[in-house]
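Fit chain R to the known structure of chain D by using the hints.
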Amino acid sequence: MVVGILSIQGDFEEHKKALSELGIDSIFVKYPEDLSGIDALIIPGGESTTISRLVKKWGLLEGIQKFEKPIMGTCAGAILMAEYVLNEFDEAEDISFHLMDISVKRNAFGRQIESFETKLKFQGKEFTGVFIRAPKITRHGDAVKVLIEYQSSPVMVQQGNKLALTFHPELSPDALFIYEYFLSLTG
Amino acid sequence: MDILKGTQRLKVGLAEMLKGGVIMDVTTPEQAKIAEDAGAVAVMALERVPADIRKEGGVARMADPSIIEAIMDAVTIPVMAKVRIGHFAEAQILEELGVDFIDESEVLTPADEEHHIDKHAFKVPFVCGARDLGEALRRIGEGAAMIRTKGEAGTGNVVEAVRHMRKIMGQIRRLTVLPEEELMTEAKKLGAPYELVRWVAEHGKLPVPNFAAGGIATPADAALMMQLGAESVFVGSGIFKSSDPERMAKAIVEAVAYYDNPRVLARISRGLGKAMKGVDVTKLSEEELLQTRGW
Chain D
81 MVVGILSIQG DFEEHKKALS ELGIDSIFVK YPEDLSGIDA LIIPGGESTT ISRLVKKWGL
141 LEGIQKFEKP IMGTCAGAIL MAEYVLNEFD EAEDISFHLM DISVKRNAFG RQIESFETKL
201 KFQGKEFTGV FIRAPKITRH GDAVKVLIEY QSSPVMVQQG NKLALTFHPE LSPDALFIYE
261 YFLSLTG
Chain R
3 MDILKGTQRL KVGLAEMLKG GVIMDVTTPE QAKIAEDAGA VAVMALERVP ADIRKEGGVA
63 RMADPSIIEA IMDAVTIPVM AKVRIGHFAE AQILEELGVD FIDESEVLTP ADEEHHIDKH
123 AFKVPFVCGA RDLGEALRRI GEGAAMIRTK GEAGTGNVVE AVRHMRKIMG QIRRLTVLPE
183 EELMTEAKKL GAPYELVRWV AEHGKLPVPN FAAGGIATPA DAALMMQLGA ESVFVGSGIF
243 KSSDPERMAK AIVEAVAYYD NPRVLARISR GLGKAMKGVD VTKLSEEELL QTRGW
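Those protein sequence lines, which keep their order, are chains D and R.
Take 81 as the starting number for the first sequence in the numbering used here and just add one per residue.
Take 3 as the starting number for the second sequence in the numbering used here and just add one per residue.
The shape of chain R in the complex, shown without the other chains:
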């Protein structure tokens, strides 16, 4: 009997299974265990969380495979890892290691300033960041199985994630009311593949799950993003840069499941200690922004 592996249905299918959950950045097997016990649906294995990448500067690359493997050996939930934009050799290495999802991420230093990875060429699914609908559909056209907002990683400031989610959802809503003959011009304006623009116009959503990322630091932040239309939430520095990571992790997991119930949110938001300190995005210079990486 024939067996198919690495199909788009299997890639997007795994993304569907992660909906309504929290994906947490971790740098050690111990942190991965804390994330799993708190109810994370997946972990992102990293050498440094985005807040530290931001602080330390230099070229940020794919993590050392030994770190990723140690995390894969510590937990039973899916493990994701990041590669630089356009760095398909890093992606080949991660696929060989057996990671469950690859994040082609603006948090790392881009390796190619013109081209993203051809994600169709891989069996492992990819997630990519986007700031607007055109960017999201270009990544999906290249084979991404999940989209996340870029936000502004490592800031603990949700303002950019909100901006990107509102933009994407607003552009989707607009497509649904355009007459058929305006869709080609709209595809040209968005810089997006026409067939995908038509799909979105017909269905009123992205053809792959749409998650939030970049600056989410509290249960309320997570609930806000879910109410704005996110289907899951990535939390990067927000957990292990808070004063009580275990409690913060559990609270954010519950906030995503019960995002539309203020009574539950009030209960779980109490006594969590200090959230990560965070930075004012307007104080960052143009060169310090991560979200402008990728196109």
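Just chain D, same shape as in the assembly:
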């Protein structure tokens, strides 16, 4: 199995490190043709506006939208998975790839000094959720399952074989089992 990590901008190296801890091979995805040989795709954290602009400009959008295998978006990646995106000034932004029926608000907790770590629970196991200038999932459609909540708002959701996480599992050594869950979706 080979996992592709979108490596236009952001912390794609950290995802590679996390996958190698699990003994999983990964490649960086920068060009449309890189999508053809992979079994799953990760859209990492970074600046969603930057990643969106380059994905559209360099012809990756269509390939990502047609990609039928599992996709996981973390933080900026979750924003890019969404159907609708609002920025912190409540203005609609046309930056996302429309992969899941969710609405997301960027920088919803405030600026960097409001970034936080907290304990989350998944599959009965506790781990550290790292939220950095994190977005909030403000709406999810009927086809979307909420897997983890924090303060009664979803922080990890699933629709079919697509996952959106508003936190950074790649920055928590105790969150590796989230990757295992994602990889289980490859069937």
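Think of the hints as simulated: they come from the structure by calculation, not from any bench.
C-beta: ideal position from N, C-alpha, C; glycine also.
Incorrect hints may have been included.
What the hints assert, rightly or not - Derived CB-CB ranges, DEER-like: (1) D:D170 <-> R:E182: 51 to 61 Å; (2) R:K279 <-> D:K199: 50 to 60 Å; (3) R:P181 <-> D:K205: 40 to 50 Å; (4) D:P253 <-> R:D4: 13 to 23 Å; (5) D:P253 <-> R:P181: 41 to 51 Å; (6) R:H117 <-> D:G204: 31 to 41 Å; (7) R:R176 <-> D:Y111: 34 to 44 Å; (8) R:K57 <-> D:T218: 29 to 39 Å.
Frame of chain D; chain R shown alone:
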């Protein structure tokens, strides 16, 4: 449930999110908007870009908070701002304003000639300049969450940034091949904390992201710094001192993402108008150098 804020993981984490991107100096909300639209991962809010600070002389200080706030209100990407070396009161003010990153910068006139800011005392992350590995590790020891080369700001001349990046990367490579018993002497020579020297020897990299800054003016300059080992690029005067800032900004963003692909670089380097004029660093006198500020 317990919540932690201002941890080293959150500080370095934001620096990680900025990797593979371009941080642009801006002096107005309009420039900040141009930078954001071009794909900048963050902006540095300033009163004057380094080229103008160099030209006008006098004491360069933290920008007026009203300028920084106007820029914070104009864009959704992180906003950084500079404080003078050692001026922790300026840093307290910037933290209160809510800036996302503080640059303790040699571009401004130093406020303390012996001590840098205790960056552990802040919730907001700091970036600091360095010319060699010892300086980088001293700043990290004080709590910096990101290191950048100093280069020679405001010159549009990449030669000093190259010198500093090669020096730091070379010193890192050297540490990785030294036997354990030589590391203490090496730490003494570098003037760097022993534990950090050991960490670098084991991992072959800095414990925080390592960015390039100081004199980067073209997409090719940005690609050069990335190939030399930078994880992102700061562009100060190079964008808004060029003849077509919008195009230059977009081109440098793409050059950082595709730094290892000459075909892409050739395409985006065409027809960008004039890059900033720049100065020959060897013509600057010792007092005119910014990189020698800090220790």
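Comparing the hints with the structure gives:
{"no.": "1", "hint": "D:D170 <-> R:E182: 51 to 61 Å", "verdict": "holds (56 Å)"}
{"no.": "2", "hint": "R:K279 <-> D:K199: 50 to 60 Å", "verdict": "holds (55 Å)"}
{"no.": "3", "hint": "R:P181 <-> D:K205: 40 to 50 Å", "verdict": "holds (41 Å)"}
{"no.": "4", "hint": "D:P253 <-> R:D4: 13 to 23 Å", "verdict": "holds (18 Å)"}
{"no.": "5", "hint": "D:P253 <-> R:P181: 41 to 51 Å", "verdict": "violated (29 Å)"}
{"no.": "6", "hint": "R:H117 <-> D:G204: 31 to 41 Å", "verdict": "violated (49 Å)"}
{"no.": "7", "hint": "R:R176 <-> D:Y111: 34 to 44 Å", "verdict": "holds (35 Å)"}
{"no.": "8", "hint": "R:K57 <-> D:T218: 29 to 39 Å", "verdict": "violated (48 Å)"}
Checked against the numbered hints given earlier, the structure breaks hints 5, 6, 8 and satisfies all the rest.
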